[in-house]
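Colleague: Chain by chain, the residues run as shown.
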Amino acid sequence: MLPDWKRLLVIGLLVLAFMAAPMVIEIGTGSLNLLIMVFIFVILSQSWNIIGGYTGQINLGLAAFFGCGVLVTHFVWKAEMPIYLAVIAGGLSAVVLAGIIGLPTLRLKGAYFAIGTFALAEVCRIVVGNIFERMIEMPGSYAASYSLIPRYYLGLTVAFAAIAVTYFITRSKLGLGMVAVRDSEQAAQVTGVNSFKYKVYALLISAFLAGLGGGVYAFMRLSFHYVTAVFSPIWTFEPLMAAVIGGSGTLIGPVIGSIFLVVLSEIFALTLGEAHLIIFGLLFILVVMYFPYGLVGSVSRIRQIISRVGRGLCETGENCRKGF
Amino acid sequence: MEFVLQTIANGLLAGALYGLVALGLGLLMGVMKFLNIAHGTFIILGGYLSFWLFNLWGIDPFLSIPLVMIAMFLIGLVFYRLALSPLLKLPDVGMRIDTSMLITFGLIWVLDNAMTMLWTPNVRTILTSYTGETFRFFGARFSFTGLCGVGIAVLVGLALYSVLSRTYFGKHLRAATQDAEAASLCGVNVQRVYLISTGIAIALAGVAGAVIVSSYSISASGGIGWLLIAFVVMVLAGEGNINAIIPAGLVYGLLEAGSVLIFGVPYRQAIALLVFVLVLMFKPQGLFAKRE
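Residue numbers (our numbering), protein chains in the order written: chain A, 9 to 332; chain B, 2 to 293.
Extracted from the complex, chain A is given alone in its bound form (with noise of 0.2 angstroms):
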């Protein structure tokens, strides 16, 4: 791997920097809030690529997964456990509440797996409201010690953890199936590949890292007014938006959505409100019609296109869909 020794210092740098920045300069408390959102929407949509992106199995019910790590991670700490051990039960559980979930549904194809994944976290979330009392919080023995930075260095860890996860599995023969899955199934089951093997890899992985990040959004919040809001479909939604906006299917593009999405919302919600939300949703279309490889891509594409006037938008072949 000596030809990415580049890209390899240059993230080692970033991850120095990011360590560093609390201790040399002091953040206020909204940046650093601001900062663990992107750290778990990082999370996030680094998960739902892994099967999204690189399996091409569109994932409605990464909620359930966020949701079951949030809750797992808020009563294993509850119960005085140290907060790492609590983070990655959170994570256990999540790949556990995977099996249950995707071993039936990911003998779903195409929309199908959509839909069903969509329909199984929505019972979570019932089954979830009807359980457990409406509030759920910490013993104010935690709310007194409550500070930002511990949260700040745990995102921080699962977030680069995650980015580092994608990363080698891009580089393994798990990841060549993965893709191999999203771009032909049928091809890639001719040729000897165990389709729905590497759907179960990618779906507990990619659940794992939901988990891990309920469990950094239980550390940073303490309690919950209404439990069910973590289970709401939000949670889905924006990881995808995330992801997709960014560049499916690509290493960094996740990272640069969720930076973009996170940041640039806390900036629109305070000079546009609610319109904020409405540029988002049109800019999300304009990606998924004219970029399908994300703001990632985007560079590349332009050039494409700026080639290629006069022809279909999308002629190029088999390069237009393949984010997905």
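Treat the hints as calculated values from the structure; they're not laboratory data. Watch out, some of these pointers could steer you wrong.
As the list claims (entries may be wrong) - Restraint ranges, calculated between C-beta atoms of paired labels, are given here:
1) Gly137(A) x Glu240(B): 29 to 35 angstroms
2) Ile310(A) x Pro92(B): 20 to 26 angstroms
3) Asn41(A) x Leu57(B): 41 to 47 angstroms
4) Thr121(B) x Leu21(A): 35 to 41 angstroms
5) Asp93(B) x Pro30(A): 45 to 51 angstroms
6) Pro112(A) x Trp120(B): 37 to 43 angstroms
By construction, the Cβ of each residue, glycine as well, lies at the ideal position given by its N, Cα and C atoms.
Please build the complex by placing chain B on the supplied structure of chain A, with the hints as guidance.
Modeller: Positioned in the frame of chain A, the structure of chain B alone reads:
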């Protein structure tokens, strides 16, 4: 006993509405292979149109349905031109479904938030002079608005069936679905047929919204719930099987009623959705598979 009868009656009333909700989605997905995730949002939009017609000009919600249909039809034409027609260039149907899903997903964001801004996130419902009235049959009470909803669902279902199977337009649409290229070689204007069908599908969503706002309530972000119901009913009916959608809606309504009787009200939707996933797994061609 009375509770059982009443629950079943409620299931039937709700079921007819569920069928109506799924008609537009079934037309777009089953016949034209566009998966319109924003279907629930269009339903809510139709509901708002009906609500404002009632509140501003006092037009009865059931009489305003033709107006709502015309308005939603026009919106559907714009929707097709801007969002769906570029997708016909995609090389295969699977891509068309996936891409239309993502595009309409963005549309949810736009419409939901636009409606929240324009009409506040409050829950809205129409209260007419006859809203609370009920009839008694066999010891169960049927609400007047609910029965009107059933009537409209059956009427609209029959109308759609006859348009699709008895007119040249329906023939063209089915031809275009089977093989767009061959159909256009035979002189079918595929773009125009798809344009008008999308208009009809969105108009159907508008009808459903108008019925919902008269007997239930709507809020700007309530589209997702109705979308899920429409999905479920569409899959139960079997993809492309438009005629079975209203019966499938009734089946889903009864399924919900059954889970209310056995597991209680809180798990109503959860059980019905679980059954849906089981159907999806073991009988993906739907409960009402075609005879051919």
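Colleague: Hint by hint, work out which the structure violates, then give me just those numbers in ascending order.
Modeller: Hint 4 contradicted; others consistent.
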